[in-house]
Each structure stands twice: as structure tokens, then as C-alpha cells.
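Chemist: From first to last, the protein sequence lines are chains A and B.
All letters in the first sequence, in the order written, are residues 67 to 180 by our numbering.
All letters in the second sequence, in the order written, are residues 100 to 212 by our numbering.
No lab work stands behind these hints, which were simulated from the structure alone.
Honestly, I wouldn't trust all of these hints.
The list that follows gives simulated cross-link-like pairs (lysine to any residue, SDA-like), each with its CA atoms no further than 20 Å apart [unchecked claim]:
#1 B:K168 with B:D184
#2 B:K157 with A:F111
#3 B:K199 with A:F111
#4 A:K163 with B:Y149
#5 B:K157 with B:P178
#6 B:K199 with A:Q107
#7 A:K92 with A:S73
#8 B:K167 with B:N123
#9 B:K211 with A:N143
#10 B:K199 with A:A68
#11 A:K163 with B:G107
#12 B:K211 with B:N123
#13 A:K92 with A:A164
#14 B:K199 with A:S161
#15 B:K167 with B:K211
#16 A:K163 with B:T151
#17 B:K199 with B:L119
#18 B:K167 with B:L106
#19 B:K168 with A:S131
#20 B:K168 with B:E194
#21 B:K199 with A:E168
#22 B:K168 with A:A68
#23 B:K199 with A:E118
#24 B:K167 with A:S73
#25 B:K157 with A:K92
#26 A:K92 with A:R129
#27 B:K168 with B:S125
#28 A:K92 with A:I78
#29 B:K157 with A:F130
#30 A:K163 with B:T150
#31 A:K92 with B:T154
#32 A:K92 with A:A68
#33 B:K157 with B:N123
#34 B:K157 with B:T171
#35 B:K157 with B:L145
#36 A:K92 with B:L145
#37 B:K199 with A:E119
#38 B:K199 with A:S162
#39 B:K199 with A:A104
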Amino acid sequence: DAGVTQSPTHLIKTRGQQVTLRCSPKSGHDTVSWYQQALGQGPQFIFQYYEEEERQRGNFPDRFSGHQFPNYSSELNVNALLLGDSALYLCASSSSKANTGELFFGEGSRLTVL
Amino acid sequence: AQSVTQLGSHVSVSEGALVLLRCNYSSSVPPYLFWYVQYPNQGLQLLLKYTTGATLVKGINGFEAEFKKSETSFHLTKPSAHMSDAAEYFCAVSETGGFKTIFGAGTRLFVKA
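Excised from the complex, chain A in its bound form (with noise of 0.2 Å):
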């Protein structure tokens, strides 16, 4: 049973660019929510999405969207990449039928903003 994968592991933008990261979530798992982790802090929560639509949203700038397909996979999207946004970006499943709030995490993809 696969758990939660993500992808890239690394990457390094330049300021102004654009990153998509990507996440597929636990089998059985319809909810995906993500989260910024920058270096020596907890997590930060960015949005989540269930049935294809943001349920929720922390307190990010519009830079920041994302998608969730069919398939429960979900996409994160940051425009205008600025060097504060250098954080590991995790993404964590879990399931709307159990209803325990537990999040099923991945390692994680790392922005480097140069």
C-alpha cells in the first residue's frame, strides 16, 4: 500500500519563476491538504482540498493556488517565486469517512528560491 508520494524532491527556482509540485495521496485517502515548513519551524497550512475544490485556506497570497483531480492527486502552484517562499512544501492525505483529523504526510519537496 503505497502511502503519500510527492514529487519533485528538490528543486531550485530563480525569483519570478514559477513551481508546480505534485502529490498523490494514500489509496483510499480523498482529502489532500498542504502545508509550507520553512527551515527551524512548524508547518504552516496553505490550503486543502476535497471533492476538487479548496475547502479551506490558510494565510497565503494568491501566488499560491492549487488543484486536486479525479483521481484525488493534487497539484500546488506558486507565480512569482520571491526567496522567502525557500521552505519544504509537504503535502498530507487523509480521509473525510474517518474523520479522526489524522494526515498522512509525505517527505516533502524542497524549494530552493535563488
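Dock chain B against chain A, hints included.
Modeler: Just chain B now, kept in the frame of chain A:
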């Protein structure tokens, strides 16, 4: 609004000693509470969770936590630390089972031989 405060960004214990990581939360409704562990260059893994029922919850690797509503606390303990427990620990709160989960800033646990 929900929030989580973890007291102590770094905690150091000797192998075999008690581990105590402190967490206080704020929530306007009965919370779901979690502890996650993160090893270097990895994602987060659930240690234990409190949803309803028994306030003392047991998790993996010998960890446990007690929900104390009157103190709005959810401290994590382990009777005897092992070298393999060295990692970053995050306390988290969710107001419902399916919506956003808010994380604390984390506590790095060091275990000395």
C-alpha cells in the same frame, strides 16, 4: 481561532531519563489533538491522537499524552528515553476531524548517551 504553543524549542535528556514535551492549545470548540514526529529530511508521522473519550492516550514507541481541558494542555511523555527518540516533535490541534490542522513551532529532542 485555534493555536498551539510548545514550550521549549529544544529539550535535552539523558538516555533512560523521562521525556516531557509541553504543549498548550487554544480552541473555541472541543479539540482534536495530535503529536507528530519528524526525523531529518522526512515528513511527519503521527505518534498519537486525542479525539474523544479517555484523556490519557497511548501512542507508538512508548509515548503517551494526557488531555487536560482545565489546563488546555496536551503534554507528551515517555518514561525512558532512547537514542532513537532524537527528532523534532510537533503538537497540533484541529477543531473538527476533517478540516485544517494547526501545528506548533516544534520541540527538538536531544538524547545524550
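Chemist: Run every hint past the structure and note whether it holds.
Modeler: Evaluation of the provided hints:
At most 20 Å may separate the alpha-carbon atoms for a hinted pair to count; B:K168 and B:D184 exceed this at roughly 27 Å. Taking the CA atoms of B:K157 and A:F111, the gap is about 26 Å. The hint is violated against a cut of 20 Å. Between the alpha carbons of B:K199 and A:F111 the distance comes to roughly 7 Å, so the proposed pair stays at or under 20 Å and holds. A C-alpha spacing of about 17 Å is found between A:K163 and B:Y149, which places the hinted pair at or below 20 Å, so the restraint holds.
The hinted pair formed by B:K157 and B:P178 meets the criterion: a straight-line CA distance of about 12 Å does not exceed 20 Å. Simply put, B:K199 and A:Q107 have alpha-carbon atoms about 18 Å apart, close enough for the 20 Å limit, and the pair holds. At roughly 14 Å between alpha-carbon atoms, A:K92 and A:S73 fall within 20 Å of each other, so this suggested pair holds. Annotation: proposed proximity of B:K167 to B:N123 holds, straight-line Cα distance about 10 Å (limit 20 Å).
At roughly 42 Å between alpha-carbon atoms, B:K211 and A:N143 are farther apart than 20 Å, so this suggested pair is violated. Proximity of B:K199 to A:A68 is assessed by CA-CA distance (about 23 Å); at most 20 Å being required, the pair is judged violated. For the given pair, A:K163 sits about 36 Å from B:G107 by alpha-carbon distance, which is inconsistent with the 20 Å threshold. Restraint check: the Cα-Cα separation between B:K211 and B:N123 comes to about 26 Å, which exceeds 20 Å; the hinted pair is violated.
Simply put, A:K92 and A:A164 have alpha-carbon atoms about 13 Å apart, close enough for the 20 Å limit, and the pair holds. Restraint check: the Cα-Cα separation between B:K199 and A:S161 comes to about 13 Å, which is no more than 20 Å; the hinted pair holds. Our distance criterion of 20 Å between C-alpha atoms is broken by B:K167 and B:K211, whose separation comes to about 30 Å. Between A:K163 and B:T151 the CA atoms are separated by roughly 17 Å; this keeps the pair inside 20 Å, and the hint holds.
Proposed proximity of B:K199 and B:L119 is contradicted: the alpha carbons are some 26 Å apart, above 20 Å. Of the supplied pair hints, the one linking B:K167 and B:L106 holds, its CA atoms being roughly 16 Å apart against a limit of 20 Å. Distance hint between B:K168 and A:S131 is unfulfilled; the C-alpha atoms sit about 37 Å from each other, more than 20 Å. Simply put, B:K168 and B:E194 have alpha-carbon atoms about 14 Å apart, close enough for the 20 Å limit, and the pair holds.
Taken as a hint, the B:K199 and A:E168 pair is honoured in the structure, with Cα atoms around 11 Å apart against an allowance of 20 Å. With a CA separation close to 37 Å, the supplied pair B:K168 and A:A68 exceeds the 20 Å bound. With a C-alpha separation of about 16 Å, the suggested pairing of B:K199 with A:E118 holds against the 20 Å cut-off. At roughly 40 Å between alpha-carbon atoms, B:K167 and A:S73 are farther apart than 20 Å, so this suggested pair is violated.
Using a Cα cut-off of 20 Å, the hinted pair B:K157 and A:K92 is violated, with the two alpha carbons roughly 24 Å apart. For the suggested pair A:K92 and A:R129, the alpha carbons sit about 27 Å apart, so the restraint of at most 20 Å is broken. A distance of roughly 10 Å separates the Cα atoms of B:K168 and B:S125; the hinted pair therefore holds under the 20 Å criterion. The straight-line distance between the Cα atoms of A:K92 and A:I78 is roughly 27 Å, outside the 20 Å bound, and the hint therefore fails.
This hinted pair does not check out: B:K157 and A:F130 have alpha carbons roughly 37 Å apart, beyond 20 Å. For the proposed pair A:K163 and B:T150, the alpha carbon gap of about 15 Å is at most 20 Å, so the pair holds. At roughly 29 Å between alpha-carbon atoms, A:K92 and B:T154 are farther apart than 20 Å, so this suggested pair is violated. Between the alpha carbons of A:K92 and A:A68 the distance comes to roughly 6 Å, so the proposed pair stays at or under 20 Å and holds.
Restraint check for B:K157 and B:N123: satisfied, since their Cα atoms lie roughly 18 Å apart, inside the 20 Å limit. Annotation: proposed proximity of B:K157 to B:T171 holds, straight-line Cα distance about 18 Å (limit 20 Å). About 12 Å separates the Cα atoms of B:K157 and B:L145, which keeps this hinted pair within 20 Å; it holds. For a cut-off of 20 Å, the pair hint linking A:K92 to B:L145 stands: about 14 Å separates their Cα positions.
For a cut-off of 20 Å, the pair hint linking B:K199 to A:E119 stands: about 14 Å separates their Cα positions. Distance restraint check for B:K199 and A:S162: the Cα-Cα separation of roughly 12 Å lies within the 20 Å cut-off, and the hinted pair is therefore satisfied. Restraint check: the Cα-Cα separation between B:K199 and A:A104 comes to about 18 Å, which is no more than 20 Å; the hinted pair holds.
Of the numbered hints listed earlier, those contradicted by the structure are 1, 2, 9, 10, 11, 12, 15, 17, 19, 22, 24, 25, 26, 28, 29, 31.
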